[in-house]
Amino acid sequence: MRNFSKYAAVAVIALFGASSTGAFAQDQIRVVGSSTVFPFATAAAEEFGNTTNFKTPIIESTGTGGGMKLFCAGLGSSHPDIANASRRIKQSELDLCHKNGVDEVVEVKIGFDGIVLAASKNAEPMQFSLRDLYLALAAQVPAPNTEGGLGNMVPNPYKTWNQVNPNLPSLEIQVLGPPPTSGTRDAFNELAIEGGCKTFTGMKALKKSDKRTYKAYCRGIREDGVFIEAGENDNLIVQKIQANEQVIGIFGFSFLEQNADVIQAYPVSKSGKTAQEPTFDAISDGAYPISRSLFIYGKKAHVGIVPGLQEFMAEMIGDNAAGDLGYLTDRGLIPLPDSERATFQSDVQNLTKLKLN
Amino acid sequence: MTERNVPHAELSTGPTDWKSGAMQARIARRYRRERIFQSLGLGAVVISVLFLVFLLGNIVKNGAYGFVQTSVSIDVTFSADLLGDPTSLSPEAFTEKVRKTNMLRLIQTSMQELFPEVKGRRDTRTLLRIVSTGARAQLRNMILADPALIGTTKRVELLTSDDIDQVIKGNIDISLPEANRKVKDNELSWLQTLQNDDRISLNFHSQFLTGGDSREPELAGVWGAIVGSAFTLMVTLLTAFPIGLCAAIYLEEFAPKNRFTDIIEININNLAAVPSIVFGLLGLAVFLSVMGMPRSAPIVGGLTLALLTLPTVIIASRASIAAVPPSIRDAARGLGASPMQVVFHHVIPLAMPGIMTGTIIGMARALGESAPLLMIGMVAFIVDIPGSINDAATVLPVQIYLWADSPERAFVEKTSAAIMVLLFFLIAMNGIAIWLRQKFEQKW
Amino acid sequence: MTNFTIFIVIAVMAMISFALVRQKSVAIVGGATQQLHSLPRYHGYYAAVRVFAPCLFLFLLWIIGGETVIENLVVAGLPDSVKNVSGDQISLILNRIQLAVQHGEASTTDANILAAADKYSSLYNKGLWATFSLTLAVGLLGYYLSNSRTHADYRARNSFEKTISVALAASSFLAVVVTLGIVASLIFESLRFFQQVPIQDFLFGLHWSPQTALRADQVASVGAFGSIPLFAGTFLISTLAMLVAGPIGLFAAIYLTQYANRTVRAVAKPVLEILAGVPTVVYGFFAALTVAPMLRDAGGAIGVDVASESALAAGLVMGVMIIPFVSSLSDDAITAVPSSLKDGSFALGATKAETITQVLLPAALPGVVGAFLLAISRAIGETMIVVMAAGMRPNLTANPLEAVTTVTVQIVALLTGDQEFDSPKTLSAFALGLALFVITLLLNVAALRMVRKYREAYD
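Protein chains in written order, with my numbering: chain D, 106 to 462; chain C, 86 to 529; chain F, 5 to 463.
One or more hints might be untrue.
[What the hints assert, rightly or not] In silico DSS-like cross-links for lysine-lysine, where the CA-CA straight-line distance does not exceed 27 Å:
1) C:342 to F:123
2) C:269 to D:226
3) C:342 to F:457
4) C:267 to C:239
These are calculated hints, taken from the structure and not from any lab test.
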C-alpha cells in the first residue's frame, strides 16, 4: 500500500512534468469533416508535410455536419482552419459561420467521388437504368404498368429484379447501402432514385405543383428490409458482398478500385443512354450518372496566421495531387475537368470569398 | 439441504437409514446434480476460452504479415552532380540542397539501368511505383546521415509499394485477367525479373512498431498511437483510480444511509449505461469549451475516459470493500483503531485485489474505447509522435478503426497487426493484475 | 522557472514539513511517543496537508487562469489601431502573438505583434515568479502554523482524518456532478428538439424513419421520430447478450472460485478478462463476417429464413464480449463470502452444488446483481458490434433473426453523419440520449430496491 502511494506520487509528478508547457500557439493546420474526403485529405497532408517545411496538418474525421459545426464556431486557434465536405455547404451553415465571425470562406471543389453498385465476381452480371434502381429501391412507386402520378402510387411491391425490368434476371432484390445520416445516401437518393423517378411522366409537373409530395415520392428509400442499411464502413460492405453473392453493395469508387479483383461493378445508364461502367473517364465527364462533388472550405482570416494554410489548400487542388495523374487520383479521387480545376486553383490563389446564390 | 420434503414423522422415528434404497437413490441423484453442475461450470470456462482462442487465432492469422514488409535491393548511385558536394558546400547548404533534391531521380536512374527497355512517361511512372513513396525520405536520411556516400554506388534495400508487397504476400490473385487487378502484367514481369535476380526480400518491418501513422500502408506505424494511448491511459488512471477509490470508500464506509447517498449510488450505476459518445459530448463541453484545453490532446481524452471508467471503478471497489467481513472491522475497532485507520489499514489492503480487478477492467475498456474521442478530436490523422499530454495524438483503437476504414487492401493486415499490438498491451495489463492478485489475495 | 519546478517545490515543501513536524512532535515528548495524543506521523501528515493543499490551489489557479489574464493584459496594451476589431479577430491576433513568442521574428515582421510578444513573454515570466513566491510564502506559513501548534495534546489525527473524509465525500460527489453535466449537455438540445417534435410522438411513436425526417427542406414530418423501435432493438440485443453472458459468466465464476485449482484460477480469470478488452471493432468484424454468415447458412440448412444482418449475430457476439463483466465481478463477490458459511453448509452434508446455489449465491447476491447490471449497462451502451453486424434498420420486432438497430447506434450515426448539425434531425440524438438515460435510471432504481429486499447479511 505504501509503496503503491509512492509510485502514484512519482507518476503524478511525471504527469505534471509532461504537461508543463508554456504558452502554446497553433502552428499546425487543423482540418475537420467528412469521412469520405478523409482519405484524400490525409494523403495530401502527408505529402505536404514531406515536401514542405510546414508541419503535417492534423485531419479529423467527424462527418460533414459535425465538421461544419466546428468550422463555423468561430475564428482563432481553438477552431479548425479547413472543413472537408462531401456535399456543398448549406445556407444555414454559412449563416452560422457569419454569425460567429467567420465572414470569408474559400470554397474549393477538389474532385468527384463515384458511387458504385457492385457485387461479388461470382454474381450474375447485370446492368441498370436509373429507372430500374428507382423501381427497385424507392419506398413508393407507380403502380405496376402505370405511369404513376398522384393517385397512382403504391408501396413498393417488387421483390425480384425481373419484376422491375423483364431484361434483368430473376434474382431477389437485396441492396446494402449507407444509412440516411450519410452524405453518400443523400447523393444516391438525389441522383439515382430521383433520377429514375423523373423518367415517369407527370413527375416533373408534380415537382412544380407540390414539392413535398414529389420529394416523398422521389427520394424515399424503401424500409421493408430489401434495402439494408449498413454502417458507413465501406470495407465492411465490400467484404459482405464477397461473402454473400446475392447482395449488391453501394459504396465509394475508391473501394471498387482497390478490390477490382474480387468484386464487379454494375454499369448504370441514364435514361435513353447506354449503360456506363464506373470508370475514371466515365465519372469525370459525367457519363456515369451517380457521382458527387467533394469540397474543402478554408477560412480566409486564418491565412497568414496559421502557417501554410493557403499552401495546403493549393496542394489539395494542385495538378500534382488532384490532376489527371495526381497522387489523389491514384487513390480514387475523380479529377475535375482541367478548366474547372484551374478556376478553383485561382480561387485559392486569390482567396475568393464564397457566395451561395 | 434439499431434504425439506422428508416428512417429519419419518425423521423422528430414529436415525436415518442411509442404506435404504430411497436414500441411496437420493444421494446418487444429488451427486449426479453435483457432477452436472461442475461440468456446466467447466463448460462455461472452456467455451469462453475457446472463443478467445478462436478470436485471437483469427487475428494472428490475418495480422502476422503486417509485421513483415517486402523490400527491393537496387544499386543507387549517389551522384554528386545531383546532390551537391559535401566537401565544397557548407553543411547547411549541403543539407538544404539534399532536402530540395528530388530523390526519385536517383531511383529512376537505378531502375532504368535494370530495365533499359522501359521508355515513355507513363511506363516510367509505373516502373517507379514499384518502390514506395517513402523511399525518397529513406534515401534522403541516408545521405544526410552519411555524406561520404556521395559519389559512390551502393546497394540499398528500399521498401516496395503496398501493391507489390501484396503480390509477394499472395493477397492479390495474379491469375485473374489483367483488367481485374491493380497490378498489371508489365509490373508483374518486372517483379519477376527482380525476383530472379534475388533482389526481392520479405523482412521484419520495425517501422511498423516505431513509426507514426501514414497513408501508405508500407510506411504506417503504430508508435504514435501507442504513445497517445499511453499518455491517455496515464491521465485516466491517475484521475479515475484515486477518485473512484475515494468515492467507493466514502459510500461504503462513511456515508450515512439516506436518500442522498441512495441518489449517488443509483447515479453511479446509471453512468455505466450512458452511451460512451455522450461522455464525448460532455468532454467537449467541459474540457474544450469551458476550460479551453487543447483539442485532440491526450489530457482531454484521458479525462473524458476517466469520466467513463469512474463508474466501473467505483462499483467494483465498493463490491470488494463490502466483501471484507465486518469481523475485521470490529476487531480493529475493538483494538482502538479510528474509523479512518480501520479503513486504510485493514479494509482497503484486504479489498485491494478486487479493486485492482475493477480498475483493470475499467482501464481495459478505456484502452479499447474510441467513440467518445471522436467528439474531442482524437479520431484524426496525426503523423507526428506526441511528446506530451498536450500534443495532438490519437490512440490505438482509433488507429485500428481508421485503418479498418481505409480502401487500400494492405491495410487489412496492418489493422490486424495493430489489434495484436493492442492485445499485447491488454495482456500485459492483465499480467500485472494476476501478479497483484496473487500477491494480495486473501481468503477467510 | 517552469510550472514543473513550481510543482516540484510544492511537493518538496510538503515532504520537508512532514519530516520536520514529525520530528518536532517526537522531540516535544522527549521520544516518549505514547504521551502524544496522535502518533508522530499524523502530526507530520497534517502539516504536509496544510502546506500542500493551499499551495496546490494557488498553483492550479495559475495554471487555469494565468494565461487568460496575461492574454487580456497583452491585448489591452495593444495600440488601438490593432485591437479595434471584433472579438473573434482578437483571438486571431492572440494566435499571431503566441506564434511570435514561439518562433520569434521568423513568424512575423509586424512590430506591434513582436512588441506584444515580448510583453507576453515577460508577463508570463513574471506570472511564474509571482506564483512561485506566493506558493513559497503560503507553504512556509502553513509549515509555521503546523509547527507552532504541535504539542503533546494536539489532536493531529482527528484533524487529518477530517480532511481525508472531506476529500472522500468530495470524490463521490463528483459522480453526481458528472451526472448533472451529462444531463445538462443533453437537456438543452433535447428541449430544442421537443419544441419541434411533440414529445408523445417521440416516446410512443412506432415508426423511426430518419430518411423522411432528415431531408433538410422537410421539417420533421409527423410520425418519423417514434423511438419505440430503437428501444425495442436495444432491448432485444441486450437480452440476447445477457442470455449468453449471464449463464456462461456466472458458471465460469462459480467454477473458478469453487472447483478450479489455484493455477487454473490464476490463469483463467485474467484470460477471460482479455475478452472485455478486445476492441469492439474486432468483435464487429467477427460478428459481421464470421458469425452472421454462419447463422444465415445454418438457418438456410434447417429452412429458417435468417437475415444476413441479424440481431442474433450481434447479440451472441456482444454476449461473449461482456462475459468477463459478469464472471470477474461475480467471482469477487463469491470469493468474498466468508468461508465459515461454506464450511457450515458442508458440515450439514450439503454437496458443493447445493452449497453454491443455496448459501454462496444468496450471500453474494448484491455483488452478482451489480455484476449483471454492469454487464447490461455495457450491452446497452455498445455501438460498433451492432453497426457492423445488425445493420441500421429501425425495426419493431421481437424476432432475433431479423435486422434491428439500437439507440446508441442511431445516436452515433446522427452525431457523426453528414447532416446539418443544428437541424432538428441531429438534435434527436440528444433526445435519444436523454431517454436512454432515464430508462436506465429506472432500471437501476428497480435493481437497487431488489437488492435491498433480498440481500442477506452474514457474519
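Hints, verified against the model:
1. Between residue 342 of chain C and residue 123 of chain F, the direct Cα distance comes to roughly 56 Å. Violation of the 27 Å bound is thereby established for this hinted pair.
2. About 19 Å separates the Cα atoms of residue 269 of chain C and residue 226 of chain D, which keeps this hinted pair within 27 Å; it holds.
3. Restraint check for residue 342 of chain C and residue 457 of chain F: the C-alpha separation of about 15 Å stays at or below 27 Å, so the hint holds.
4. At roughly 31 Å between alpha-carbon atoms, residue 267 of chain C and residue 239 of chain C are farther apart than 27 Å, so this suggested pair is violated.
Checked against the numbered hints above, the structure breaks hints 1 and 4 and satisfies the rest.
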